[in-house]
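Protein chains in written order, with our numbering: chain A, 1 to 317; chain B, 1 to 372; chain C, 1 to 307.
Incorrect hints may appear among the rest.
[What the hints assert, rightly or not] Across the chosen pairs, the derived CB separations fall in these ranges: (1) SER204(A) with VAL13(C): 53 to 59 Å; (2) GLY145(A) with PRO301(B): 42 to 48 Å; (3) PRO103(A) with LEU42(C): 38 to 44 Å.
None of these hints come from the bench; they were simulated from the model.
Ideal Cβ positions, reconstructed from N, Cα and C, are used throughout, including at glycine.
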Amino acid sequence: MSARPAGERIPMSVPLQRPAAPEPPAASPSSAPPARAGAFWRLTLRRLAAQPTTRVAAALLAMIVIGCLVIPWLSPYDYYTPHFDLLSRGPMLAGAHLFGTDPLGRDLLVRVMWGCRISLAVGVAASLVSVLIGVAWGAIAGYVGGWLDSTMMRAVDVLYSVPFVPFVIVLTVLFGRSLWLLFVAIGAVSWLDIARIVRGQTLSLKQREFIEAARVAGVRGVDMISRHIVPNLLGIVAVYATLTIPAVILFEALLSFLGLGVQSPMASLGSLVADGASDMQAHPHLLIVPAALLSLIIYCFNYLGDGLRDALDPRSR
Amino acid sequence: MPDPSAAPEPLLQIRALTVSYPAGAHAGALPAARATARPGARPARAEAHLEVVRGVDLDLAAGEILGIAGESGSGKTQLLLAILGLCGAGARLRGSVRYRGEELLALPAAQLNRTRGARIAMVFQDPATALNPYLTIGRQLTEVLRVHRGVGARAAERRAGAMLEAVHIADAARHLRQYPHELSGGMRQRVTLAMALIAEPQVLLADEPTTSLDVTVQSQILALLRELRERTRVAIVLVTHDMGVIAELADRVAVMYAGTLIEQAPVEALFAGPRHPYSEALQRCVPRLDGPPPQRLASIPGQPPDPAALPPGCAFAPRCAYRLEVCERSAPTLVQAAPRHWKACHYDEPLGRPGPAASTAAAATLAAGEVP
Amino acid sequence: MLRYTLRRLIIAVPTLLLIATLAFALLHAAPGGPFDSDKRMLPAIQRAIEARYHLDEPLWRQYVRYLGELSRGDLGPSFQYRDTSVNQIIAQGLPVDATVGLAALALALLVGGTVGVSAALWHGTRWDHAPMALAAVGISVPVFVVAPLLILVFAVALHWLPPGDWVAGSPSHLVLPVVALALPYIGYVARLMRGSTLEVLASPFIRSARAKGLPSRLILWRHALRPALTPLVSYLGPAIAGLVTGSIVVESVFGLPGIGRFFITAALNRDYTLLVGITVLYGAFIILCNLLADLCYAWIDPRVRLR
């Protein structure tokens, strides 16, 4: 006999009536003992690793990270010394210019690897900053509630309306370009989403019975936030952190593309794309190599974030 | 084989219905399920497919109220869903479900849709989520008529209003224009009943229709169901875990445990003299108001088995106070214990006196519930 | 609904004020002022220019004057183009932005929405995995990468479309910029719609609808679509903000004479009034779009009570 009537066009994608198997013994209402929390992360990791796409993404990222750390160190070339005898050559094996050279004869491979370093460093660091700010902001607003919550979230709403890229452009024009400015500007922008998400989660966690049980047992304030609320936020924060990184990398690349990020001779992937774009008819490799690498990094992070989200959600497929 | 409770051909005839899901549905979510597999549990089958409804036979006569009792996980909801082909993705259905002679299980969607809503309707447990919050009540009522009976818009509205009144919602015209979130829980459940019955189906499948309502509303809904049956002669299959609801409303009762039917009888007979240890234990769980209050509330020790790790033999045996040797080896089939009363149990003595396995924890529970 | 709109507009004023004040502060916080560029001027001329731009007045008075002009919609004169006002420059560039932006939005919503919903309906098959993989690629490739690549392929290599410039009324000049701008949003919308459609289709009320025997097409269009659209409507605000940002890049790469390109040249030439004026404009536009998106959401979802 068939499963469902043939021709049924609306798929029941998530079985609604999946019968409940007996639950493992219910966790005590107090904070999860470390062993159980570790088991949770191990399970998540296992589910994450189970999907082939995430494995590939993680492997690619690992290769890129290793490459950008190791290659500039191994390569006989640096990113700033011009070699006027080898201008804008395409990819070739001779002289170990695997990706060719740029208009000033600098090895493209090394420059691109340096660009990856910058992009990854800014991406991870700025994301970390924005996650910290966002989690603190959202958890406090959500937990304390009342007027503090309204004020804090109103501030978020206002900041949301500020057009960030133009503002940052204005800032860099006015105050010159520096890596610090980049950090600050990007970090100041990206925490808004996380703050909103964390606040929403905190609000719904507050209603849960285990929080009431803890409160009855006498847990209060900072203790409550750090021992009960934050650990339950980690999952969703991990997902959003992983998804913030590519957004930040994109932002930095955009600024560098517009000429407002890193200063030459230092190269970021964005500035390399800009350089390549101006010369792409004659030497397409100058555009394609950094563009492909940048897109690859962003793509892999997106996939990891998605995979993490799926691994943490018990329902999703 | 249970014979129909009335002489004419039963409206709904279910034979050997089995619903199973691929085991992968449980893989990621609950690795603990493997841990509870007992030695000697059926291995290969459990790996491939989890059977949540196992070989159920049922008949439903026109106008009768059949109660299906059981705890969570007994498969009673899946049974209802299987009748209308609403089981989740990956479900495998085997057996036969005939409505007035027509086989429903193999039907393609387009034809099954002619039966759903128009001949066999269903009401779900939680009225808050069963209604589309984005559409008005009127819309959700009239569309049934317009799709199934080709009724025009205006006529459909009139009939929708009449239907609301039939379920005792006053000021029907105003409510037709409202959205589900603007109604109270009890009213919402009445609306879902109205929605189910507006096309005048002959069978109503009710999955725990009163469970999410408070007690006063519950009794109103039950009274409403009885009234609707009187008026329209609709047959009702009422699934619930609440024996009180069964006692109040059902004509006949079927008790389910771990996906199988373990007892079937007219309601008075079941309550007066249950023949299956599980049914007996269920009744014992309800505290009585007559006599002195018990020291402890009675419960059935243990847990229902995991469908992935069903014990060989009778599924209830591990928790049964009356279990025999044979119970652990071979699963009992339904046999007639009295006129129109069937049970699936190897134990043939009358229940109530301590059974052979009474020295287990079950005895303590029995003793606790005993009136001293 | 009307009261809510008015309230939101009123709340928008302080936000705009904040943006304007920030803009003003930046304007005057720039080290060295607006005229410290290459040319050295005779002191007399410098004083005359300062007087003309009211730069000699005390800061608070400049601020008040600035707010006054802003409330009249006057964004001041441009520093680069001495005889043109910012308003004129914006008016010049607006049609370009409007055309490209609206076309990109429409493309993103229609194509992305269709792909997303279809992927949900074909969930689990290759008609789900393949489009979603493409969508993931679309999201990951930055617009400033896509734009030059599109030019490389379609204009330079294949000669199918012009590589840039703006010819009013010529649709072929629109194709590449609009596609470049819309591409990541097609991806976002597709993923969003797929996720929300899947979620809606798993809802209990869809099961009720099936139990009523309604045909699949009716269930999709009448029961499922509206709930599925709500996350998309919520996303519209940020989406439009992103389109605005993206248009800056697209206009520079394709050489379109829109506001975005003026923004870039203003940045490079330190034309502060133009720079800040455009930023305030962007801010106002984003606030307006967020308001419209919220109104749409309330219109779709009857449970939202506008207070």
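Status of each hint after checking the structure:
A C-beta distance of roughly 33 Å is found between SER204(A) and VAL13(C), which places it outside the suggested range of 53 to 59 Å. Remark: the range hint 42 to 48 Å for GLY145(A) to PRO301(B) is upheld by a beta-carbon distance near 44 Å. Between PRO103(A) and LEU42(C) the CB atoms are about 41 Å apart, so this pair conforms to the stated range of 38 to 44 Å.
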